[in-house]
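**Student:** Construct the complete structure from the given sequences, taking the supplied hints into account.
Residue numbers (the working numbering), protein chains in the order written: chain A, 1146 to 1326; chain B, 65 to 517.
Among these hints, one or two may not hold up.
Claimed, not checked - Label pairs and their in silico Cβ distance ranges:
1. MET489(B) with ASP1213(A): 49 to 55 Å
2. ASP1213(A) with GLY315(B): 19 to 25 Å
3. THR1187(A) with ARG505(B): 53 to 59 Å
Claimed, not checked - Calculated lysine to aspartate or glutamate pairs in the EDC-like style (CA-CA distance at most 16 Å, straight line):
4. LYS72(B) with ASP144(B)
5. LYS348(B) with ASP1256(A)
6. LYS1310(A) with GLU417(B)
7. LYS1310(A) with GLU1272(A)
8. LYS1310(A) with GLU381(B)
9. LYS72(B) with GLU381(B)
10. LYS348(B) with GLU1261(A)
11. LYS425(B) with ASP1253(A)
12. LYS425(B) with GLU1189(A)
13. LYS1174(A) with GLU1152(A)
If you're looking for bench data, these hints aren't it; they were derived computationally from the structure.
The structure displayed is predicted, hence computed values, not measured ones.
The beta-carbon is built from N, C-alpha and C at its ideal position, and this holds for glycine as well.
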Amino acid sequence: MIQVQHELDVRPILRAGGEPFTVIMDAVKKLGSGQALRLLATFEPIPLYGVLAKKGFAHAAREIGDGDWEVVFTPTAALASPQKAQPVGSTGGSAASPGWPEPSCHLDNRDLEPPEPLVRTLAAVEELRPGEVLSALLCREPVFLLPKLNERGHEWRGGFEADGKTYRLVVRKGAGKEAAA
Amino acid sequence: MIGASLSKWTMSYFGVALLALLGAELLMVVGFGFPSQPVAAPQTLVLVHLVAIGWLSLLLSGALIQFVPVLVAKPLSHPDLPAVALGLLVAGLAALMAGFLGMAGFHLDSTLWLPLGAIGLIAGFTLIIWNLGRTIWSAWPINLPAWFVVAGLASLVGVVVLGTIFSLVLSGLTSNAALLRLTAEGIPLHAALGLGGWLTFTAMGVSYRLLAMFMLSPEAEHRTSRVALVAGVGAIAVIAIGGPVCLLVFGQAVSHPLLAALVLGIVGLGLYGYDIVRLYRNRKRRNIELNALMAAWALAVLGLAGLLLLILTAVGEIDRFAGAVMFLFAFGWLTGLGLAKLYKIVAFLTWLECYGGLLGKRPTPRVQDLVNEPRAMPWFRIYFASVGIAAIAAFLTAPLAFRIAAFGMLVATIGICVQLASIRMLRSVPTPLLHGEKHPRPRLLLPSLQSRR
Chain A
1146 MIQVQHELDV
1156 RPILRAGGEP
1166 FTVIMDAVKK
1176 LGSGQALRLL
1186 ATFEPIPLYG
1196 VLAKKGFAHA
1206 AREIGDGDWE
1216 VVFTPTAALA
1226 SPQKAQPVGS
1236 TGGSAASPGW
1246 PEPSCHLDNR
1256 DLEPPEPLVR
1266 TLAAVEELRP
1276 GEVLSALLCR
1286 EPVFLLPKLN
1296 ERGHEWRGGF
1306 EADGKTYRLV
1316 VRKGAGKEAA
1326 A
Chain B
65 MIGASLSKWT
75 MSYFGVALLA
85 LLGAELLMVV
95 GFGFPSQPVA
105 APQTLVLVHL
115 VAIGWLSLLL
125 SGALIQFVPV
135 LVAKPLSHPD
145 LPAVALGLLV
155 AGLAALMAGF
165 LGMAGFHLDS
175 TLWLPLGAIG
185 LIAGFTLIIW
195 NLGRTIWSAW
205 PINLPAWFVV
215 AGLASLVGVV
225 VLGTIFSLVL
235 SGLTSNAALL
245 RLTAEGIPLH
255 AALGLGGWLT
265 FTAMGVSYRL
275 LAMFMLSPEA
285 EHRTSRVALV
295 AGVGAIAVIA
305 IGGPVCLLVF
315 GQAVSHPLLA
325 ALVLGIVGLG
335 LYGYDIVRLY
345 RNRKRRNIEL
355 NALMAAWALA
365 VLGLAGLLLL
375 ILTAVGEIDR
385 FAGAVMFLFA
395 FGWLTGLGLA
405 KLYKIVAFLT
415 WLECYGGLLG
425 KRPTPRVQDL
435 VNEPRAMPWF
445 RIYFASVGIA
455 AIAAFLTAPL
465 AFRIAAFGML
475 VATIGICVQL
485 ASIRMLRSVP
495 TPLLHGEKHP
505 RPRLLLPSLQ
515 SRR
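**Tutor:** In structure tokens, the structure reads:
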């Protein structure tokens, strides 16, 4: 279960010409177990992704206007037990959830015309055994697919990757009993 | 909740809208309204409002209640409110047309038809704006295409307010000097806000997303699109605020704000055209479907109509040819785009309605299995060719040639309607995929009776 995010805004430091790296690393050290860090910066802090990935953090970045960026660093261990139908949306973790089994199926649906991504993802989910996981890459938020997954009683997490163009969706097949569809 | 589901009432909107289009084309065939009669004749007002409200506004509203949720990835705030809005809009439009027929000398007893029509239309459009506005608000901050829709809805408010003022003045309910002046000189503002701000600008915003989606083009937000938005919003503001201020505060004619809006509008259209050409060029799907090809024809007419508007204004001949240019905008661009996109949207929504629950569980047809493009294509060709001939006839003020061309448009539209109905009835789906008694059959225009999540 993900705890309340810790928020760190380093924009004032950056605008004053300062170097926020140590402040960020201090904040990371002080995070509680499983706690995520929401970082606000004046540019996309790409070098930080590698550094924090080694410390076990997945990232999800988005531009929030005026050239500013919001990046949520989520400890990958915290993605272990997602709530059913609690999508993390555009701030979602971009890594598969380790608490779930490794995805037994990977789909790259980015170059398919609509509604092929919807068709292929649902077909692949139906092939899974309950509890198994698949991951899929898409080129946009799958607005018609997500309610279908909920209807069929599957769990999912999804969000845009740092590039803002690839949407990564991870689905765990439900127990087989469909929600009233 | 994240995501969008099927809009229940979109097909009903489309059905009523197509009926209005057929009705309007029939009126043109029998020589009712422009160009057989003057642009300002009450008969022309009947025709114009049947097209602008009955056909185009209902088509766009029906599309928006489905696609605003897709644009912002949130469900529609009030899924059943569009049914009430549709009833109010149809009643309002009927009363409005009765009012215009009264002005044309038909004996329709009451002088209150126009304000009654305004009340129905205000109520209906308010429900649409409220519903879409709340949906967009729930997804704040919004993306660029959604901003176009917001600006289009703001224009719609302006159109309805001006239309209401006109109805009060024309029915003699008010003799306020300012409102009289607005009615006498504000009609170009009403028309520009309606055709330009509400119908064109909203269609532009939605097409950014729909064309990219169906042609698999990258959807990055470009600076050109942002400038197009700013220019368009500027044009809308100049017309909606600058026009009345110019008229009522400074006592000037509305030509200056209209000219400023035209320049801004052309800049916006130019950048939009540039973006759309880029979308077509960068598409990953090489084979172009009927809807994208026909949309390209409609876009070409938009470019032509914009150019004609600019040239005719520059040489001071716009008053003489305004009707013909408006005809090109309404039938070449908006109707052409509308019919082309209907062909895709109806197939996609029907497919999702019938097979959404079955996907992955048993073999299902593809969306393209629901359509028969070789059969539909000739009707679209006849439609566009007829619009071209009718436009030339309108420019040359040749009413008989126009009526013959309008007959071509009517026949083509009937052909396209038959194709749309056969999509709804799953006529093209291969028989092996139709097995079993439990096969879902959608209703033509109404939501299916089973409750849908």
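**Student:** Just to be careful, I want the Cα atoms of LYS1310(A) and GLU417(B) compared with a cutoff of 16 Å; is the pair within it?
**Tutor:** violated (28 Å)
**Student:** For a C-alpha distance cap of 16 Å, please report whether LYS1310(A) and GLU1272(A) respect it.
**Tutor:** It is violated: about 27 Å lies between the C-alpha atoms, which goes past 16 Å.
**Student:** Hint check: LYS348(B) vs GLU1261(A), CA-CA at most 16 Å. Holds or violated?
**Tutor:** holds (14 Å)
**Student:** Below or equal to 16 Å on CA atoms is what counts here, so check LYS425(B) against ASP1253(A).
**Tutor:** violated (21 Å)
**Student:** Has the given pair, LYS72(B) with ASP144(B), been kept, meaning a C-alpha gap of at most 16 Å?
**Tutor:** holds (8 Å)
**Student:** Would the pair LYS1174(A) and GLU1152(A) pass a check requiring their Cα atoms to be no farther apart than 16 Å?
**Tutor:** The hint holds at about 13 Å.
**Student:** So if I understand the rule, the pair passes when the alpha-carbon distance is 16 Å or less; does LYS72(B) with GLU381(B) pass?
**Tutor:** violated (46 Å)
**Student:** Do ASP1213(A) and GLY315(B) keep their Cβ atoms within the hinted range of 19 to 25 Å?
**Tutor:** Violated, at about 47 Å.
**Student:** Can you confirm whether the C-alpha distance between LYS425(B) and GLU1189(A) stays at or below 16 Å?
**Tutor:** violated (43 Å)
**Student:** Are THR1187(A) and ARG505(B) spaced within 53 to 59 Å by their CB atoms?
**Tutor:** The hinted range 53 to 59 Å holds for THR1187(A) and ARG505(B), with Cβ atoms some 57 Å apart.
**Student:** Holds or violated: 49 to 55 Å for the Cβ distance of MET489(B) and ASP1213(A)?
**Tutor:** At 52 Å between Cβs, range holds.
**Student:** Under the criterion that the straight-line Cα-Cα distance not exceed 16 Å, is the pair LYS1310(A), GLU381(B) satisfied?
**Tutor:** violated (48 Å)
In summary, the numbered hints that this structure violates are 2, 6, 7, 8, 9, 11 and 12.
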